[in-house]
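Colleague: Residues per chain are reported as follows:
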Amino acid sequence: MSTTDPPVGDTAGEAESVQTPRRPAYLHFLLRDPFALASAIWLLFILLCATVGPLLLDDAATDMNLRARNLPLGSIENSWLGILGYDPLGRSVLARSIVATQTTLGIAAAAALAALFIGTVVGLYAGYIGGRIGRVIMQLSDIVQSFPSLLLALFVLYMLEPRPLNIVLVLAFGQIPIYLRVARAEVLELRERLFVDAARVLGARSHQILARHIGPLVLPVVINIVTIDFALIMLSESSLSFLGLGVQAPSITWGVLVAQGREYLQSAWWISFFPGLMIMLTTLSINLLANWLRRVRDPRERWRFDRARHTRKRT
Amino acid sequence: MQNYVFSRLVQSFISLIGLVVLVFFMIRMTGNPADLYLPDDVSAAVRQAFIELHQLDDPIILQFGRFLGDLVHLDLGTSIRQGRSAAVIVLEAYPTSLTLAAISMGIALVLAILLGVWAAVRPTGAVDRTISVLSLAGASAPNFWVALTLISIFAVGLQLVPTSGIGGWEHWILPVAVLVLRPLGLLSQVVREAVIRSLSAPYIRTARSKGVPDRSILYVHALRNASLPILTMAGNQTVAFINGSVVIETIFGFPGVGKLIIDAIVQRDFAVVQAAVIITATVIFLLNIVIDLLYALLDPRIRHS
Numbered sequence: 001m002s003t004t005d006p007p008v009g010d011t012a013g014e015a016e017s018v019q020t021p022r023r024p025a026y027l028h029f030l031l032r033d034p035f036a037l038a039s040a041i042w043l044l045f046i047l048l049c050a051t052v053g054p055l056l057l058d059d060a061a062t063d064m065n066l067r068a069r070n071l072p073l074g075s076i077e078n079s080w081l082g083i084l085g086y087d088p089l090g091r092s093v094l095a096r097s098i099v100a101t102q103t104t105l106g107i108a109a110a111a112a113l114a115a116l117f118i119g120t121v122v123g124l125y126a127g128y129i130g131g132r133i134g135r136v137i138m139q140l141s142d143i144v145q146s147f148p149s150l151l152l153a154l155f156v157l158y159m160l161e162p163r164p165l166n167i168v169l170v171l172a173f174g175q176i177p178i179y180l181r182v183a184r185a186e187v188l189e190l191r192e193r194l195f196v197d198a199a200r201v202l203g204a205r206s207h208q209i210l211a212r213h214i215g216p217l218v219l220p221v222v223i224n225i226v227t228i229d230f231a232l233i234m235l236s237e238s239s240l241s242f243l244g245l246g247v248q249a250p251s252i253t254w255g256v257l258v259a260q261g262r263e264y265l266q267s268a269w270w271i272s273f274f275p276g277l278m279i280m281l282t283t284l285s286i287n288l289l290a291n292w293l294r295r296v297r298d299p300r301e302r303w304r305f306d307r308a309r310h311t312r313k314r315t
Numbered sequence: 316m317q318n319y320v321f322s323r324l325v326q327s328f329i330s331l332i333g334l335v336v337l338v339f340f341m342i343r344m345t346g347n348p349a350d351l352y353l354p355d356d357v358s359a360a361v362r363q364a365f366i367e368l369h370q371l372d373d374p375i376i377l378q379f380g381r382f383l384g385d386l387v388h389l390d391l392g393t394s395i396r397q398g399r400s401a402a403v404i405v406l407e408a409y410p411t412s413l414t415l416a417a418i419s420m421g422i423a424l425v426l427a428i429l430l431g432v433w434a435a436v437r438p439t440g441a442v443d444r445t446i447s448v449l450s451l452a453g454a455s456a457p458n459f460w461v462a463l464t465l466i467s468i469f470a471v472g473l474q475l476v477p478t479s480g481i482g483g484w485e486h487w488i489l490p491v492a493v494l495v496l497r498p499l500g501l502l503s504q505v506v507r508e509a510v511i512r513s514l515s516a517p518y519i520r521t522a523r524s525k526g527v528p529d530r531s532i533l534y535v536h537a538l539r540n541a542s543l544p545i546l547t548m549a550g551n552q553t554v555a556f557i558n559g560s561v562v563i564e565t566i567f568g569f570p571g572v573g574k575l576i577i578d579a580i581v582q583r584d585f586a587v588v589q590a591a592v593i594i595t596a597t598v599i600f601l602l603n604i605v606i607d608l609l610y611a612l613l614d615p616r617i618r619h620s
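Line by line, the protein sequences give chains A and B. Read in my numbering, the first sequence has 308 at position 308, and its numbers run on one by one without any break. Read in my numbering, the second sequence has 328 at position 13, and its numbers run on one by one without any break.
Simulated from the structure, these hints should not be mistaken for lab results. Think of the CB as a built atom: it goes at the ideal place given N, C-alpha and C, for glycine as much as any other residue. Any given hint could turn out to be false.
Chain B is faced by these chain A residues, among others (derived, beta-carbon under 7 Å) [claimed, not checked]:
#: 1; residue: Ile143
#: 2; residue: Val258
#: 3; residue: Leu288
Listed next, with one range per pair, are the computed distances between beta-carbon atoms [what the hints assert, rightly or not]:
#: 4; chain 1: B; residue 1: Leu543; chain 2: A; residue 2: Leu194; range: 30 to 38 Å
#: 5; chain 1: B; residue 1: Val403; chain 2: A; residue 2: Thr51; range: 51 to 59 Å
#: 6; chain 1: A; residue 1: Asp197; chain 2: B; residue 2: Pro410; range: 56 to 64 Å
#: 7; chain 1: B; residue 1: Pro410; chain 2: A; residue 2: Leu160; range: 31 to 39 Å
#: 8; chain 1: A; residue 1: Pro216; chain 2: B; residue 2: Asn551; range: 23 to 31 Å
#: 9; chain 1: B; residue 1: Val387; chain 2: A; residue 2: Arg212; range: 49 to 57 Å
#: 10; chain 1: A; residue 1: Leu56; chain 2: B; residue 2: Arg323; range: 52 to 60 Å
#: 11; chain 1: A; residue 1: Leu188; chain 2: B; residue 2: Asp614; range: 19 to 27 Å
#: 12; chain 1: B; residue 1: Pro615; chain 2: A; residue 2: His207; range: 41 to 49 Å
#: 13; chain 1: A; residue 1: Ala38; chain 2: B; residue 2: Leu351; range: 46 to 54 Å
#: 14; chain 1: A; residue 1: His207; chain 2: B; residue 2: Ile376; range: 37 to 45 Å
Just chain B, same shape as in the assembly (with noise of 0.2 Å):
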């Protein structure tokens, strides 16, 4: 086990350096930050010295040089649109998006199981295919339309809620709202299959005709079973929620990690996107080795392997 684990985090060393390289050169081929920042009228001599102020003029390849030696001491540069270091600025963005990502998912999580087990009772029954249609609507809902309906009805039209912007707890109805419907979707249809799965196992038959309680069949011994594929399922849909978050935190105006990134691709400030990328991935590796761990935790067989 600790073999595998280490060989994992080599692995994701490996591929975190991949997409630095890949970030570094991709980033820089947008364009010039001169032509964006400067007014278009500016002096020749003006744009020299914005040019050398940030390095822009260096062969690349010293720029990248310069940008590992940096990466070496953790320096992920400064942000030419602020002045400020990258990293703060990418670090004072995560929590807005991790709190986001963490209560979506909780909700997201605990329904799914709700509906799931609940529509896996009487597979094709009425309960069933009412659940399978609407978690189906769910998932192939695109998430910026759910966002714009949910704005002209609950903001615009009821004012329940603000439109977007961050404040109380009623700014965060909305988005999480919205960022639910998608991985609550495709969760529960996982739910529902791998219960349906476990309860045909013949130690259900067995807890059955011991006398176990139906509810504690359901959601103790099928449902143990069944936490594999979730598991598999929630962290997927967790890498993938940054893609939805990037959307939804325009359209809502949160100051979180997705908004940054695309702020800083458009305004062309490199230090940020990279910045944001590197932690990003890093925080998608960490990720992606305790959900290995868990399986572990949960599978004896994969423990004992």
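One chain only, chain A, in its complex shape (with noise of 0.2 Å):
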């Protein structure tokens, strides 16, 4: 199988690209793509949200107003607030999923941060000390990864409070295998190199060696996959929400109030369509850039972005 050659072609102009090792202008790229700009934009307003939105709105999403009560949408009357309807208490729909902004990120961001954390140093010692612990540790994460994840997050908060923390940590732990695996794979190759003996004949401690040679190869790619495990954390923390499992009030995150608005469905459906929106954009917005940005770093996929310059130089 080795003495197949890669397509002579193809490697001609993949070597010229990487001779020339430029750093790629990414706001140069970001511009020639607009889904990319436009989920770019999408989320620098959804951070902005999340920073100032409670600061800004948070009375007008708690403020009753019985006479606004299920308004629809464009009732601008009162304040420009109503554009997207009001709910059953009077409250604008569109201050409320602003608001909503800060708690539905935050949590997600911890839980992915979490388990990107403790995966990736499980991780790490499982693939270097490898042996029995190693294979132990394994199974276990078999076992998590085998037990659909909604179903042991809604068992563990059934069992504990809801509260922001054991949902964070619930969260985190289904996501742990993911990072888990691949930090261990990369280490199961990465301990057989020549630096890694290097440092360990010159007297390096396991921990040392891990956190100081092998950790920082390691860490680009388990920061790879976290952009879309956090989406995908934020769907799942919408979803436990939804089943009433989420944050409880008078904390709101979107999942919550898409649920909120479930019993309206017949008579307003803006309540939960627009929270449901924000959820939808936000990971698509994620997705996009994420899928934009691998592609822009592969050199086999960069091409493509500026084939015009490419073409020049090759003739």
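The two chains are supplied separately, each in an independent frame; assemble them into the complex guided by the hints.
Modeller: Right, here's the structure in full:
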């Protein structure tokens, strides 16, 4: 198998672009891709909502006004916040969706980081030390992975209280195997390399080798995963909230808002539609941007972005 | 190969035992069923009788021992709520869920192969970009939100299909439509990537220069080599299906396993939760083994190693 050469024409082109390593001009590429650009703008907007939203709109999101019960879209007589309609207690759907951003993103980010940290550290040790402990760890991770994560979360949250910390831990727990697996696979390959032997000969201890020499090489790989995983965790969190086992009132996340609107589906669809749309657009933007980033970074795909320059260089 | 299957079976069995232990203790930490099933003002004697009837005050180790003993005889206990065998209740719910899963995964797989191959013909072309964005959107949409939106459009607004419940085929349209989305989105991306990768392989060039028609290059030569990643993703999505079905069965009032499990957790019907988890986990493990065997079937390198 190893004797078959890769296609000659392609490698020539690739080699050329590899030989002149230049930092991909991210902004330049971003402006050329309308979907990625739109995603980036939306995510910036969401981040803005998460940081200043609760400060500015907290009152508007909790003020009840029974005269504005279930007012439809475009009810802007009182204030522009009514543009997306009102909920059964006369609270602005727009204001509530914006205020919920902070909790939604906060929980997902905390869970993603916790899973990243725990999974990577355990995976590093499982891969480097290996042996029986490594096998047991992988077996445990298999159990966790083979069990539907949402059911597990339902169990635990029904058992404990659905407090934010518990929610974060439960969401992180289901995602740990992903990082563990990737980190372990990377270590299995890296630990055979010469620089690891060199470090060992120089007297470095296991945890030093892992923290100083192997860890930094594994980090970019797992960080690549965390972006997509963040979107996945956000979806899980909103499912939990929707089933009533997410954050409890008065805290709100997008999933909680969708659940609250469920009873009014016949009379006031906008109550659950817009928070759900926020979830959808945010996960979509994260995925689109991650996809775009992967293509820009990958030299085999990057030429597609600047085909013009590439062909000019070749001729 | 036989060795491999055997070791997988042993591994799955160990995992299953771990899961059983976990579920047994976790579900008992949710609280005492007596608090839920008896009225608040019930006399202490009646409460005591209820607890003794269901052997709820025995030491937990004793309960666990009894549970394991019954399990060895394939007796999964009796539902507190319905007074029937828990295993029967779970098995009654399975056909609904399995049909739902089979229809949705079937549709998702066929559509994903068509769309993915179509996108792979010209990477970054107009078709490819449209399919990419749409498939990402399908994978990113929260399923409960899609379900509610479809209900408000097609059931409440246009009144074409019923909002929930089970009955004729028209009850299946919306749940299937919702459940297809995510696997379809993820699978069509996998198909696209895998087909693009195999299209640049030398054997495709050989086939082309021999004059094999484009259609058969795409759907026979390239797709066959792309089948392993597709299989992996399809398997993962089938397991993840249970997550989706909990939510979707609840929204659409489908009497499947997902709804059964969540109802049983809330009702502290311990035997039913245990039975559902044990049977579901067994199904998942068997599925994983079948997927491994399919790998071997599709890839001669695995078969002969």
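Colleague: Mind checking the hinted window 46 to 54 Å against the Cβ distance between Ala38(A) and Leu351(B)?
Modeller: holds (50 Å)
Colleague: May I ask you to test the hint 41 to 49 Å on the CB atoms belonging to Pro615(B) and His207(A)?
Modeller: Given a distance of about 43 Å, which is inside 41 to 49 Å, the answer is holds.
Colleague: Check the following: the C-beta atoms of Leu188(A) and Asp614(B) are separated by a distance inside 19 to 27 Å.
Modeller: Cβ of Leu188(A) to Cβ of Asp614(B): about 21 Å, so the range 19 to 27 Å holds.
Colleague: Between the beta carbons of Leu543(B) and Leu194(A), is the distance compatible with 30 to 38 Å?
Modeller: holds (32 Å)
Colleague: Indicate whether the distance between the beta carbons of Val387(B) and Arg212(A) respects the range 49 to 57 Å.
Modeller: For Val387(B) and Arg212(A) the Cβ distance comes to about 51 Å; the hint holds.
Colleague: With chain B as the partner, please determine if Leu288(A) meets the hint condition of a C-beta pair closer than 7 Å.
Modeller: holds (6 Å)
Colleague: Could you see if the CB distance from Leu56(A) to Arg323(B) stays within 52 to 60 Å?
Modeller: For Leu56(A) and Arg323(B) the Cβ distance comes to about 56 Å; the hint holds.
Colleague: Evaluate the given range 31 to 39 Å for the C-beta pair formed by Pro410(B) and Leu160(A).
Modeller: holds (34 Å)
Colleague: Hey, does the Ile143(A) contact hint survive, CB to chain B under 7 Å?
Modeller: holds (5 Å)
Colleague: Can you let me know if the beta-carbon spacing of Asp197(A) and Pro410(B) is within 56 to 64 Å?
Modeller: Roughly 58 Å apart at Cβ, these two residues keep to the hinted range, so it holds.
Colleague: Given the range 51 to 59 Å, decide if the beta-carbon distance of Val403(B) to Thr51(A) lies inside it.
Modeller: holds (54 Å)
Colleague: Hint says 23 to 31 Å; check whether the CB-CB distance for Pro216(A) and Asn551(B) agrees.
Modeller: holds (30 Å)
Hint compliance for this structure: every hint is met.
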